[in-house]
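Engineer: Listed below are the residues making up each chain.
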Amino acid sequence: MTAAATVSGIGRPRRFGKALPVSLWALLLLTPAFVSLASVSFYPIINGLYLSFTNTSLITQENEFSGFSNYVQLWGDAQFWNAWWHTMWFTTASTILETVIGLGMALILCEAFKGRGLVRAAMLVPWAMPTVVTSKMFGWLFDGQNGIINYILLHAGLIDQNVNWYGSPDTAMTTIIIADVWKTTPFMALLLLTGLQTVPNSLIEAARMDGAKGWTTFWYIRLPLLMPTLLIAGLFRALDAFRVFDLVYVLTGGGPADSTETLSTLSYKVLFSTLQFGYGSAVSTAMFVTEGIIALAFCLYLIRQIRRAQ
Amino acid sequence: MNDTRSPLQTIAIYLGALLILIWSGGPFIWQFSTSFQLDKALTSGSPSLIPAPFTLEHYYNAFIEKQLHRYVWNSLVVSLATTFLCLFVGSLAAFALSRLNVKGRFGILMIILSVSMFPQIALVGPLYLVATNLGLLDTYTALIITYLALGLPLVTWVLFGYFETLPREIDEAARMDGVSVPGLLWHIILPMSLPSLVTTGLLAFITAWNEFLFALAFTSNIDRQTIPVGIANFTNLYYVPWGDIAAASAVVTVPLIILVLFFQRHIIEGLTQGGIKE
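Sequence order for the protein chains is A and B.
With the first letter of the first sequence counted as 1, position 193 gets the number 193 in UniProt numbering; the numbers rise by one all the way through.
With the first letter of the second sequence counted as 1, position 106 gets the number 106 in UniProt numbering; the numbers rise by one all the way through.
Just so you know, the hints here were simulated from the structure itself, not pulled from any lab data.
Check before you lean on any hint, since a few could be wrong.
Stated by the list, open to error - Computed beta-carbon distance windows for the label pairs:
1. A:PHE42 <-> B:PRO53: 51 to 61 Å
2. B:TYR14 <-> A:PRO200: 53 to 63 Å
3. A:GLY67 <-> B:ARG265: 51 to 61 Å
As the list claims (entries may be wrong) - Facing chain B, from chain A, some residues (calculated, C-beta under 8 Å):
4. LEU37
5. ILE45
6. GLY48
7. VAL119
8. ALA121
9. VAL199
10. LEU203
11. THR285
Note that this is a predicted model, so its numbers are computed, not measured.
Just so you know, even glycine gets a beta-carbon here, dropped at the ideal spot from N, CA and C.
Looking at chain A on its own, in the form it has when it is part of the complex:
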C-alpha cells in the first residue's frame, strides 16, 4: 500500500502530484491576503492605539510618549461628547427606522405580484449610488430655497414657509437620518426578504388552517423565526451607521453649530485640519472601543436568543 491509498485520512498532508505538500500550498495562497489585511487593517489599528498615547502632531513635529494625557483631555472635551451623543442618536434612529421599514418592504416583496422583479431591481439603485452623490442629491431635495421637499410640503399646506432643513441645527440631523434611511433601507429589505423566504410555507399554511389571521401568523410564526436574521442585519447596520462619514461630511460638514458632528467627522477634522495625530487617534480609538462594545453586546444577546429558542 502506498501513501496514496490513505490520502483521504484527515490531518495527513495530501500531495497533489509530486509538488509541495498541501499545507505549504495553503500557507502560500493565504499569504497575499494576510499581508494585505495586516498592513492595511491590523497594523494601522495597533499603530493608532500607540499614537493615541503620544503627543504626535504634524505641525509641532513632536512625537513623544504622553501616557493617558490624550484620554484625560478626551474625557473633558465637550466637543467629543457632543459628537459621541450625535453618533449614538444617528446610529439608534437610523438602525431602528431601517429595520422596521425594511421589514415592511420585505413583507410586501414576499408576496407574489406582477412586476416584483422590477421592484426588487429598483431597490438596488440607492445602494449602488456613491454616498457622496446621495448626499449631494439630498442637499438638492432639501434645499432651503428651491428644494422640492419644501415645495411639496408648502403646497400640501404642511408648512407655511420654506424650511432651511440642513442649514438649521434643529432639522439638520433629521435630514441626514432621512438620507441614510433612503440609501440603506431597500438593501435591508432585500436581506430580510431572504430571511423571510426561509420560513417554511407549510408552517404558515398550517396556522391559517387553524384559523390564524395574517397578523397572528406574522407575530407568532414569521417574526420569531426571522429574529436571528433581523438581529444580525441590525448589528451590521448599526456598526455601519456608527462610523457614518461621507453623508455628514458632504451634506453638512458637521454643522451648523456642530449640530451634526459625529465621531468620524470629528476624528477627521482633528487629524487633517489640526494635524494632531496623537489626539485624533485617541478619538478614533475611543470610537473603535465603543463599536467593539456594541458588537459584543449584540452577539451576547443573539447567542442568548438562539439558546432560548433551542
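Following the hints, position chain B against chain A.
Structural biologist: Structure of chain B alone, referenced to chain A:
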C-alpha cells in the same frame, strides 16, 4: 397564496409596491431631470419633472470647466486595478480555505470578516503617516493597496461560499489525473466559478468606485482624485451649482445603475451570502 387574498389585500400590496418604487427611484429621477434643466427653471419656484427647455449646459460645465473626465479616468484606473487584485488575492485565499484542509479555517474566515467592521476613520490616520513616509501620497498605488484590503473580506467570504458548493469529487478526480494545486484552482475551480467571480468583481468595483474617505485624505489634486472627491468639491464658494452637480451625479451613477440592474439577481444572491449567512 394568491387565491386566499382579499381584493383589499391585493390593492394594499400593489400600493406598497408602488410606494417602494417611488421611494427608491424617485429622488434619482428628480436628480436626473435636474441635470437637463436651465438654472433659471431650477430657481423659478414652480419645479417641473419634465425639462423644458431641455439643456445640456450642465454636462458641458461638468466636463469642460470642472474636467469631470479626469476624475472619471482616475476612478476607472483605481477601481479596475482594485477589482482584479481583489479577485486574484481573494480567490487564492478562498480556495486555500475551502479546499486545502486548513486548520481553524472558520476562525480565519471570522478574522478576515471582522476586519470589515473596523471603523475606517481609525485606519486613515496611521495609513496617512505610512503613505507620507513611503512617498505614496497622490498616487494610484496608495488607493489601490487600501481598497484591496477593504474589498478582500467580502470577496473572500462570497467566493469561499461559492467554492464550498462545488462538489469535492472534482478535486478527487483531478488529483487522480495528477493535477497540481494551482492547476486545480486555475483550470477547474475558477472556470466553474465564473458567475460568482463576476458578482464579487462587481462588488469590489463598486466599493472602490464609491469610496470617499481614503481618497479624500490621500489625494490633493485632480491628477489623482477620484470622482466622489471631485463631486464633493464641486460646490462653489458663493453658490451651489445644483445643475452641474446633478449632471456629474448622472455621469457617475447611470453606468453603475445599468450594471447593477443587469446583474441584479447575482448581486442580491452574492451579498446575502456574504452579509448574513453564517
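Engineer: The structure should be examined with respect to each hint, and the outcome stated for every one.
Structural biologist: Verification of the supplied hints:
Range check, PHE42 of chain A to PRO53 of chain B: Cβ separation about 57 Å, and the 51 to 61 Å hint holds. Take TYR14 of chain B and PRO200 of chain A: their Cβ atoms lie about 26 Å apart, and the range 53 to 63 Å is violated. Between GLY67 of chain A and ARG265 of chain B, the C-beta spacing of about 56 Å keeps the proposed range 51 to 61 Å intact. Hint status for LEU37 of chain A relative to chain B: holds, with the closest Cβ pair at about 5 Å, below 8 Å.
Given hint, ILE45 of chain A at the interface with chain B, holds; its Cβ is 6 Å from that chain's nearest Cβ, closer than 8 Å. Taken as an interface hint, GLY48 of chain A checks out: its beta carbon lies about 5 Å from the nearest beta carbon of chain B, inside 8 Å. Proximity of VAL119 of chain A to chain B holds as hinted, the smallest CB-CB distance being about 5 Å (cut-off 8 Å). Using the Cβ-Cβ criterion of 8 Å, the hint placing ALA121 of chain A at the interface with chain B is satisfied: the shortest such distance is roughly 5 Å.
A hinted interface residue such as VAL199 of chain A counts as satisfied when its beta carbon comes closer than 8 Å to some beta carbon of chain B; here the least separation is about 13 Å, so the hint is violated. At its closest, the beta carbon of LEU203 of chain A sits 13 Å from a beta carbon of chain B; the interface hint therefore is violated under the 8 Å criterion. Hint status for THR285 of chain A: holds, given a least beta-carbon distance of 7 Å to chain B, under 8 Å.
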